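A.B. asks: Below are the chains, spelled out letter by letter.
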Amino acid sequence: DVKVTQSSRYLVKRTGEKVFLECVQDMDHENMFWYRQDPGLGLRLIYFSYDVKMKEKGDIPEGYSVSREKKERFSLILESASTNQTSMYLCASSFSETYEQYFGPGTRLTVT
Amino acid sequence: AQSVSQHNHHVILSEAASLELGCNYSYGGTVNLFWYVQYPGQHLQLLLKYFSGDPLVKGIKGFEAEFIKSKFSFNLRKPSVQWSDTAEYFCAVFNDYKLSFGAGTTVTVRA
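Chains as they are written, first to last, in the working numbering: chain A, 1 to 112; chain B, 1 to 111.
Read the hints as simulated data drawn from the structure, not as lab findings. Among the hints, a few may not be true.
To be verified - What follows is a list of derived Cβ distance ranges for each label pair: (1) A:15 <-> B:80: 18 to 26 Å; (2) A:59 <-> B:8: 17 to 25 Å; (3) B:66 <-> A:110: 38 to 46 Å; (4) A:15 <-> B:55: 46 to 54 Å; (5) B:30 <-> A:50: 16 to 24 Å.
Treat the numbers as computed from the prediction; the structure is a model and nothing was measured. In this text, a Cβ means the ideal position worked out from N, Cα and C, and glycines have one as well.
My request is simple: use the sequences and hints to build the entire structure.
C.D. replies: Right, dumping it as structure tokens:
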């Protein structure tokens with residue numbers, strides 16, 4: 001059974017703080033993804049990665065960066081959190097050949 | 001960029017009613033299509049997928065979807081819903097190495 005875990009279910013941070021969201025998958029998937037989920041907007045892709053140390057911008061990368069030092073781990077970084085980054089953040093992973101993505105439980109981030 | 005439209009924002013049904021959720025996408029080439037479901041308090045999980053072949057695909061929990069290439073559509077159906085089908089449903093299209101999601105449809109089934 002594929003497992004994607006995220007470091008926190010709920011997180012509250014102050015404006016201007018640096019925020020790290022961690023994601024770990026246990027299925028040796030090549031691809032990993034970070035999305036944010038907002039009501040009425042669905043899921044929007046922030047960044048994704050095909051391989052270790054590789055990253056690609058998604059549709060809304062501004063204000064975010066990522067790091068992938070190991071195959072199983074993909075981190076999302078908010079360099080200076082802002083209130084408009086209050087959202088649900090979802091991590092996902094997949095094999096390259098199948099495209100089917102497996103999602104983690106999400107981290108609900110509130111920036112005050 | 002790929003866009004995915006889900007026609008209904010919120011659908012309210014009674015148990016045993018039939019459900020159909022519309023999904024249209026903008027890209028005209030080869031696409032891989034998905035429906036995901038998010039039950040209250042749970043993470044997103046795959047309901048069904050279409051890659052090629054028979055355009056009528058069956059998924060888990062009695063759901064099915066029909067791919068109509070000429071209409072750029074991938075509508076989700078279930079003949080008879082249950083209270084446990086209350087959830088948010090997302091259509092997604094894979095193209096250019098990325099999944100693009102619709103805005104989601106919240107389905108509420110009344111007992």
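A.B. asks: State for each hint whether it applies.
C.D. replies: Tested hints:
1. A:15 <-> B:80: 18 to 26 Å: 49 Å, violated
2. A:59 <-> B:8: 17 to 25 Å: 23 Å, holds
3. B:66 <-> A:110: 38 to 46 Å: Because 40 Å falls inside the window, the suggested range holds.
4. A:15 <-> B:55: 46 to 54 Å: Distance hint for residue 15 of chain A, residue 55 of chain B holds at roughly 49 Å.
5. B:30 <-> A:50: 16 to 24 Å: 20 Å, holds
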